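*Asks:* Protein sequence lines, in the order shown, are assigned to chains A and B.
Residue numbers for the first sequence follow this note's numbering, so the first one is 42 and each next one is one higher.
Residue numbers for the second sequence follow this note's numbering, so the first one is 7 and each next one is one higher.
Keep in mind that the hints were calculated from the coordinates and are not lab data.
Owing to the predicted nature of the structure, the values given are computational and were not obtained by experimental measurement.
The reader is advised that the hints may include incorrect statements.
[Unchecked claim] If you only want the chain B side, here are some residues facing chain A, beta carbon under 8 Å, derived:
hint	residue
1	90
2	141
3	157
4	158
5	174
6	214
7	218
8	220
We put the CB at the ideal spot given by N, CA and C, even for glycine.
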Amino acid sequence: MTVAERPIPVPDEESAPYWEAAAAHVLALPRCSNCRAYSMPPDTVCPHCHSTDPRFAFEPVSGRGSVRSWTTVRQSFLPGFDADVPFVLVDVEVDEQPDLRLIGRLLDGPDVPLRIGAPVAVGFEERAPGIAVLAFELRESR
Amino acid sequence: MSGRFAASNQVAIVGYAQSPVQRHAKQPLGVVALDTARSAIADAGLTVSQVDGFTTGSLFPTAGAHTVQDGVSIVSSNWLAEHLGVNPRYAAGFQGYGQIPGAVALAVNAVAAGAADYVLLHRALHNPTGRYHGNPMREAAGFAQWNVPQGYFGPLAMIALPYNEYLQRYGASRETMATVVVEARKNGARIPWSYWYEQPIDVDDYLAAPMICDPICRYDCDIPVDGVAAFVFTSAERARDLPHRPVYVSGYATGHPTARRLPTHWPLDDIMTTGRETGRRLWEHAGLGPADVDLPQVYDGFSPFVYFWLEVLGFCPEGGAHEFVQGGGIDSDAPGGLPVLSGGGALGNGRMHGVPQMLECYLQLSGRAGARQRSAATVGVACHSSPHFGGAVVYRAQGS
Numbered sequence: 042m043t044v045a046e047r048p049i050p051v052p053d054e055e056s057a058p059y060w061e062a063a064a065a066h067v068l069a070l071p072r073c074s075n076c077r078a079y080s081m082p083p084d085t086v087c088p089h090c091h092s093t094d095p096r097f098a099f100e101p102v103s104g105r106g107s108v109r110s111w112t113t114v115r116q117s118f119l120p121g122f123d124a125d126v127p128f129v130l131v132d133v134e135v136d137e138q139p140d141l142r143l144i145g146r147l148l149d150g151p152d153v154p155l156r157i158g159a160p161v162a163v164g165f166e167e168r169a170p171g172i173a174v175l176a177f178e179l180r181e182s183r
Numbered sequence: 007m008s009g010r011f012a013a014s015n016q017v018a019i020v021g022y023a024q025s026p027v028q029r030h031a032k033q034p035l036g037v038v039a040l041d042t043a044r045s046a047i048a049d050a051g052l053t054v055s056q057v058d059g060f061t062t063g064s065l066f067p068t069a070g071a072h073t074v075q076d077g078v079s080i081v082s083s084n085w086l087a088e089h090l091g092v093n094p095r096y097a098a099g100f101q102g103y104g105q106i107p108g109a110v111a112l113a114v115n116a117v118a119a120g121a122a123d124y125v126l127l128h129r130a131l132h133n134p135t136g137r138y139h140g141n142p143m144r145e146a147a148g149f150a151q152w153n154v155p156q157g158y159f160g161p162l163a164m165i166a167l168p169y170n171e172y173l174q175r176y177g178a179s180r181e182t183m184a185t186v187v188v189e190a191r192k193n194g195a196r197i198p199w200s201y202w203y204e205q206p207i208d209v210d211d212y213l214a215a216p217m218i219c220d221p222i223c224r225y226d227c228d229i230p231v232d233g234v235a236a237f238v239f240t241s242a243e244r245a246r247d248l249p250h251r252p253v254y255v256s257g258y259a260t261g262h263p264t265a266r267r268l269p270t271h272w273p274l275d276d277i278m279t280t281g282r283e284t285g286r287r288l289w290e291h292a293g294l295g296p297a298d299v300d301l302p303q304v305y306d307g308f309s310p311f312v313y314f315w316l317e318v319l320g321f322c323p324e325g326g327a328h329e330f331v332q333g334g335g336i337d338s339d340a341p342g343g344l345p346v347l348s349g350g351g352a353l354g355n356g357r358m359h360g361v362p363q364m365l366e367c368y369l370q371l372s373g374r375a376g377a378r379q380r381s382a383a384t385v386g387v388a389c390h391s392s393p394h395f396g397g398a399v400v401y402r403a404q405g406s
C-alpha cells in the first residue's frame, strides 16, 4: 500500500509570483495597485476599494504576525496528512495590515503552549522541487 | 425604507412530511424525496396537481470527493417537480449557505408575489458511502491552493478556529459544551424519526468522545444521514380552507459577509459582526424581538453555533452564552429554561441541516407535536448554518 502524499499546490497565472517567492522562502502577499491594501487570497476585484482593475502585485512582507486562534488536528480529511497528525494549525494576523489573516501549520510541534497574541514568524515547508508551503514558528521561545 | 417584511404573516406553512433519518436509506435519495413530497402535499390536504411552486437549497455539504448527481446525492427543485410530473410556474434553488432560511424566503416571496399558489419546499440530505469529508486530492488548484497544501481543510478545522478563539477570549471551557450536546441528544432521543431516538448521552459520554480538531470532538458534530423533509406553503387566505392550523412566516434574514478570506476561514469576529446584523435584520423584518420568542431553535450542526446564535439573537450577552448554558439556561424541561434545542437540533437528529429547527417550530406552533407538545409556543425562530453566512426565520402561531 502506498502512503498518500500531501496535496501539492498548482500555481496559476495569477498566483505564480506567490509560489515563486515561497520557493525562495519569502512571503509575498497580493497588494492592490489602486488602494495599496493587501488581500489574501487575491480576487478579480479588490475587496477593499472594489476596483475592477486591482493589478495585484505580490510584495514581500515581514512574515511576522500574532496568533488569533489555533486548532490541533488529530484526524485529517486529507489522507496525505495522516502521517503528520497530530499537528497544530495557527490562524495568524500578519503585522502589515489589521485583520489580514493567514493559516499555516505551526512547526514547533503539537504540544507547545499557545496563547492568543503569541508572536510568530513565517516558515516554509519544502514539498516538491520548487514548491514550498507556508508555515509558522513561534518567536517568543527564541 | 423600512426593514419590516411587507408580507409578514401573509404566507403560512400548511403541511409537512419527513422521512426516517437514517445512516443509509435503502432507496435512492430521489425516491425518498418523491415519497416525502407526496406525503407533505397530502398532509396539507392538496393534490400534486395543485402544487405550482418548488424551492430548495440542494447543496451537498461535503468536503469530500463525492459525486454530485441530481436525484442521487442531491435533489433539486427541478428534479423533484419533473419526477412528480409537474411543470411548475415557479422553481428555484437557494445558492448560499443557510439553505433552509434561504429556501423559505424563496417560497414565501413566491407565494406573496403570486408567482405560485402552493409551494413545496424540500430538503434532501445524503450520506455517501466512505468518509463524508475524506478527500484524496493530490493537487490543490484554484481556490484550494490557498488552504489545502498546509493541511487546513474541511469544516471541522473551519469551526475549531473560531470556537477556540471564543474559548480563549471569554475564558470558557470546552467541558461546558457537554451541556449543549446532552440537551440536544436528550430531546432527539424523544423523537421517533431521529437517528438518535432513545439514545441520549450524558456528560461523561461527551467528555470521553475522541477529539478530532481541538477543541472539537466527535460529539460536537452532527452525524451524516440520509433524510428528506418537505413543507407546503400557501397564502394565509388559502390556508383557512386547509385541514391543519397554519403557521405564519413573520420574517427572515440571511447574512452575507464581505471580508475576503482563505477558503473555509471563518474568524470569530466575522461570525459575530455579520451575525449581529443578521439578528438585527431578523427582528426588524419580523417586527418583534427576542423577548417575544418562546421557541428559539438555534442551529447546532456544530455545537459552537449554539453559542453564536444565542448571542447574535440577543438571548444572552456577547461572550456570555457559555455561562448562560452552564446556568441551565437552555434546559427545555426546566421552568424558565429557553427551549433552544427542544426539537433535538442536528446534533439530536442527524445532519438534516436546518430541518429539525424548522420542523420543531412548525410542529409546536401548529399544535401537532403530540406527546412533546409545549403549552406555551406562539413565536418560534428557526436558525440554520452560521449567523454570518446562514440565516433564520421567525414563525408565528395562528391567533397569536
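*Asks:* Hint by hint, work out which the structure violates, then give me just those numbers in ascending order.
*Replies:* Numbers 1, 6 - these are the hints that the structure violates, sorted from lowest upward.
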